[in-house]
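Enquirer: Residue strings, one per chain:
2 protein chains.
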Amino acid sequence: MSLKSWLSIAADCHFSLVNIPFGIISTQGRPTPRPAIAIGEYALDLDLFASHNGFSALSLIQPHQHVFSDTTLNAFASLGRPMHTAVRKYLQSVFLESTPFPDVLKNNKSVQEACLVPLKDVQNHVPMQIGDYTDFYAGLNHAFTVGELFRGAANALQPNYKHLPVGYHGRASSIVVSGTPVRRPLGQILEDPTAEVKKPILSACRKLDMELELGAFVCKNNNMGEPIPINEAEDYIFGVVLLNDWSARDIQAWEYVPLGPFTAKNFASSISPWVVLSDALEPYRTTGLDSDVEVLDYLKERNKKNVYDIKLEVILKTSSGATTTISRTSGKNLLFSFNQMLTHHSITGCPMRVGDMLGSGTISGKEASERGSLLEQNRNSKTVIKLEGGEQRVFLEDGDEVTISGVCVGEDGSRVGFGDCRGKIVPAVKI
Amino acid sequence: MSLKSWLSIAADCHFSLVNIPFGIISTQGRPTPRPAIAIGEYALDLDLFASHNGFSALSLIQPHQHVFSDTTLNAFASLGRPMHTAVRKYLQSVFLESTPFPDVLKNNKSVQEACLVPLKDVQNHVPMQIGDYTDFYAGLNHAFTVGELFRGAANALQPNYKHLPVGYHGRASSIVVSGTPVRRPLGQILEDPTAEVKKPILSACRKLDMELELGAFVCKNNNMGEPIPINEAEDYIFGVVLLNDWSARDIQAWEYVPLGPFTAKNFASSISPWVVLSDALEPYRTTGLDSDVEVLDYLKERNKKNVYDIKLEVILKTSSGATTTISRTSGKNLLFSFNQMLTHHSITGCPMRVGDMLGSGTISGKEASERGSLLEQNRNSKTVIKLEGGEQRVFLEDGDEVTISGVCVGEDGSRVGFGDCRGKIVPAVKI
Numbered sequence: 001m002s003l004k005s006w007l008s009i010a011a012d013c014h015f016s017l018v019n020i021p022f023g024i025i026s027t028q029g030r031p032t033p034r035p036a037i038a039i040g041e042y043a044l045d046l047d048l049f050a051s052h053n054g055f056s057a058l059s060l061i062q063p064h065q066h067v068f069s070d071t072t073l074n075a076f077a078s079l080g081r082p083m084h085t086a087v088r089k090y091l092q093s094v095f096l097e098s099t100p101f102p103d104v105l106k107n108n109k110s111v112q113e114a115c116l117v118p119l120k121d122v123q124n125h126v127p128m129q130i131g132d133y134t135d136f137y138a139g140l141n142h143a144f145t146v147g148e149l150f151r152g153a154a155n156a157l158q159p160n161y162k163h164l165p166v167g168y169h170g171r172a173s174s175i176v177v178s179g180t181p182v183r184r185p186l187g188q189i190l191e192d193p194t195a196e197v198k199k200p201i202l203s204a205c206r207k208l209d210m211e212l213e214l215g216a217f218v219c220k221n222n223n224m225g226e227p228i229p230i231n232e233a234e235d236y237i238f239g240v241v242l243l244n245d246w247s248a249r250d251i252q253a254w255e256y257v258p259l260g261p262f263t264a265k266n267f268a269s270s271i272s273p274w275v276v277l278s279d280a281l282e283p284y285r286t287t288g289l290d291s292d293v294e295v296l297d298y299l300k301e302r303n304k305k306n307v308y309d310i311k312l313e314v315i316l317k318t319s320s321g322a323t324t325t326i327s328r329t330s331g332k333n334l335l336f337s338f339n340q341m342l343t344h345h346s347i348t349g350c351p352m353r354v355g356d357m358l359g360s361g362t363i364s365g366k367e368a369s370e371r372g373s374l375l376e377q378n379r380n381s382k383t384v385i386k387l388e389g390g391e392q393r394v395f396l397e398d399g400d401e402v403t404i405s406g407v408c409v410g411e412d413g414s415r416v417g418f419g420d421c422r423g424k425i426v427p428a429v430k431i
Numbered sequence: 001m002s003l004k005s006w007l008s009i010a011a012d013c014h015f016s017l018v019n020i021p022f023g024i025i026s027t028q029g030r031p032t033p034r035p036a037i038a039i040g041e042y043a044l045d046l047d048l049f050a051s052h053n054g055f056s057a058l059s060l061i062q063p064h065q066h067v068f069s070d071t072t073l074n075a076f077a078s079l080g081r082p083m084h085t086a087v088r089k090y091l092q093s094v095f096l097e098s099t100p101f102p103d104v105l106k107n108n109k110s111v112q113e114a115c116l117v118p119l120k121d122v123q124n125h126v127p128m129q130i131g132d133y134t135d136f137y138a139g140l141n142h143a144f145t146v147g148e149l150f151r152g153a154a155n156a157l158q159p160n161y162k163h164l165p166v167g168y169h170g171r172a173s174s175i176v177v178s179g180t181p182v183r184r185p186l187g188q189i190l191e192d193p194t195a196e197v198k199k200p201i202l203s204a205c206r207k208l209d210m211e212l213e214l215g216a217f218v219c220k221n222n223n224m225g226e227p228i229p230i231n232e233a234e235d236y237i238f239g240v241v242l243l244n245d246w247s248a249r250d251i252q253a254w255e256y257v258p259l260g261p262f263t264a265k266n267f268a269s270s271i272s273p274w275v276v277l278s279d280a281l282e283p284y285r286t287t288g289l290d291s292d293v294e295v296l297d298y299l300k301e302r303n304k305k306n307v308y309d310i311k312l313e314v315i316l317k318t319s320s321g322a323t324t325t326i327s328r329t330s331g332k333n334l335l336f337s338f339n340q341m342l343t344h345h346s347i348t349g350c351p352m353r354v355g356d357m358l359g360s361g362t363i364s365g366k367e368a369s370e371r372g373s374l375l376e377q378n379r380n381s382k383t384v385i386k387l388e389g390g391e392q393r394v395f396l397e398d399g400d401e402v403t404i405s406g407v408c409v410g411e412d413g414s415r416v417g418f419g420d421c422r423g424k425i426v427p428a429v430k431i
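The listed protein sequences derive, respectively, from chains E and L.
Per full-length UniProt numbering, the very first residue in the first sequence carries number 1; after that it's consecutive.
Per full-length UniProt numbering, the very first residue in the second sequence carries number 1; after that it's consecutive.
Keep in mind the hints are simulated off the structure, nothing from the lab.
None of these values were measured; they are calculated from a predicted model.
A hint or two may mislead.
Heads up, the list lumps identical chains together, so a pair's fine if it works in one copy or across two of them.
What the hints assert, rightly or not - For lysine to aspartate or glutamate, the following EDC-like pairs were computed, each having C-alpha atoms within a straight-line distance of at most 20 Å:
(1) Lys162 - Glu191
(2) Lys424 - Glu226
(3) Lys89 - Asp103
(4) Lys430 - Glu232
(5) Lys198 - Asp292
(6) Lys162 - Glu196
(7) Lys430 - Glu226
(8) Lys106 - Glu391
(9) Lys317 - Asp420
(10) Lys311 - Asp12
(11) Lys109 - Glu191
(12) Lys199 - Asp290
(13) Lys366 - Asp290
Can you build the whole structure from these sequences, using the hints too?
Expert: And the structure:
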């Protein structure tokens, strides 16, 4: 439903009144990071808003307002989904044209001046303290295309692929917020992978790739030893961000047997700054990719609409300024939902913690124009990717900037957007 | 060097005056976790010791004494190796028979009564807040034996194995301190892995294993994008613990392609409670396993004695009470050092953070009696492991308790020990 606000919000703005995403900001005048929401062209500083009695009409949050003075969203997330619902609805009502609380902000210029900061003046930070990061591989089309490139179509997917969400533990310390430069990694690579004697060299990565993913944040702990039942899993999902899981394909090819990707994935993972709450995504639920395999009972969800129809784009801007949309796809291109990933993750009794992040795996459609990684687009270096203005790429070059954008668009034109997840490649350190 | 203390310390005690390991304790009377050292049969509560002016003769630590009131060792570790050296030496001097500071503790009964707690009355906690945990695979004999079981001797080791420390990101949230019960995990397994059609079931793990490892804690951050030079790596290693990386072999076999072990390793990893500082291990440096491959320059260490001769044992106690030492080996059975693991981990620019833990990989000797996992001992379920009293095992059964013990013994009989890393298997949750 499209809601009208007293604040001027453009029709195509990602941060509409039906969105209300949460993030962590700082400003030049107030360098301490604190929670905020994004709305229109502004951030509402929730720390200052709370101290200006902004939450006076929401008694539920009164005993917990300290969460808005934290440097991460973990404490707010820990309050649980019913509280996220209440706070989001309250903030929507505050910005509503016909707000029942006009004195809180609409007719209160001094609170507006204190708490509304233009987004262009805001510094974003990683919104959660991320304990553990797990990256899944639930983008079936990506997994199939990559498998086909390396093993042929008959063996493209491993026997386990459709039975469980394949995943691996990732590196939490190198998750950075959109806009952070990404240094080309060094690592061991083979100059000639086909040579009989495998003799690696230390080199700057020559096959630097991006991966279009979604990330979900956990907002509830389970007890160690107690799996999360599938139909309770959504209580554990705080919200979603865009994720670029940068990948060093040549380092990965050499290192990954037998224990999986390691340093090829640990130099940087970029996320969009604003966490779109699970509530805000509800209207955009849809069914994911079809499977010819019936999953085991512990992974069967009551609600078959378990993924989100998020329009996703990848834009590559080279140092010449040439800007090309190299991929357009949808968040529905997943074989497993975040609920299923979470339940499978905890089936062993693994304790999930508030702030943990789950990556979806690379999201690709079936068409060439819908592929979420360069590896798929260049057919494992066999073809080039043509860019605007006559440039071309196989993998990323220094100075290239990759931007992932994501937005849900309702039938009435209402938007729930993620903003951007952006990163520019800077040259490797000298060896 | 064996040092004599005014405190009675048994000759075979792990926590001798030359050791001084650090941990986090709580007691019934004071439930807030805080730092301590282990010495003889006692813990010295460093929070209370500091508040009783115990550090009055060590001016260096004065501005930083708040680190002894934290609930983890991260803040103390962050002070850096020269400070660890100073604090350890000072505490040794306080306990020395001929202490230059007799009034601090030796002749001060009231401070002794306040700060010395019998170890039997102490509850231990995970000593560091662990941001990221990475498990390596540097135990060449283990890797060879396991590779031989699955791929034959000719292909036992992958081509990359001797060129880089193979590793994978692990799960930090499920690291628990010695004594914590370990619940048998549920997961997807194949009842008949040889069947043409692979159809998994949900089951309690039937091949529950242990892995004898060492863990090292990081005490210094590097800047993101800046690899840690190999000959500076030891400044980043706070100290070492014993690690049991419990593994669900049947879950692992089904899930691990193509991205490596995931839920098979995320249900529990147990560590010994006392961190033995790098300084304390210096006298026990030795050379690791020979390699016929020359590593790249960035992994070449000035000091070839880069691993530790720690006598390691694995003891299995069944619910009948039968107790069997099932493995005896040494910490020197590694192909790569923690320094090399750290440098390789950061070669991409990956930011290492204080509190991160690195696992060595399973440590096994070449002989049958020196194998650090049941998988090696039972030759992948082909033989049984004979226990005292006529019992036998293939993998772990409910009620089994595994204890890893580790100690360095000097030529003069002086000991630097780790105490125990213990865990008992409790039955899986009902499906």
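Enquirer: None of the hints should be skipped; say for each whether it holds.
Expert: So, going through the hints one by one against the coordinates:
no.	hint	verdict
1	Lys162 - Glu191	between (35 Å within a copy, 18 Å between copies)
2	Lys424 - Glu226	between (41 Å within a copy, 17 Å between copies)
3	Lys89 - Asp103	within (17 Å within a copy, 64 Å between copies)
4	Lys430 - Glu232	between (50 Å within a copy, 18 Å between copies)
5	Lys198 - Asp292	between (40 Å within a copy, 14 Å between copies)
6	Lys162 - Glu196	between (35 Å within a copy, 16 Å between copies)
7	Lys430 - Glu226	between (48 Å within a copy, 10 Å between copies)
8	Lys106 - Glu391	neither (50 Å within a copy, 77 Å between copies)
9	Lys317 - Asp420	within (14 Å within a copy, 56 Å between copies)
10	Lys311 - Asp12	within (13 Å within a copy, 67 Å between copies)
11	Lys109 - Glu191	neither (64 Å within a copy, 68 Å between copies)
12	Lys199 - Asp290	between (43 Å within a copy, 19 Å between copies)
13	Lys366 - Asp290	within (13 Å within a copy, 49 Å between copies)
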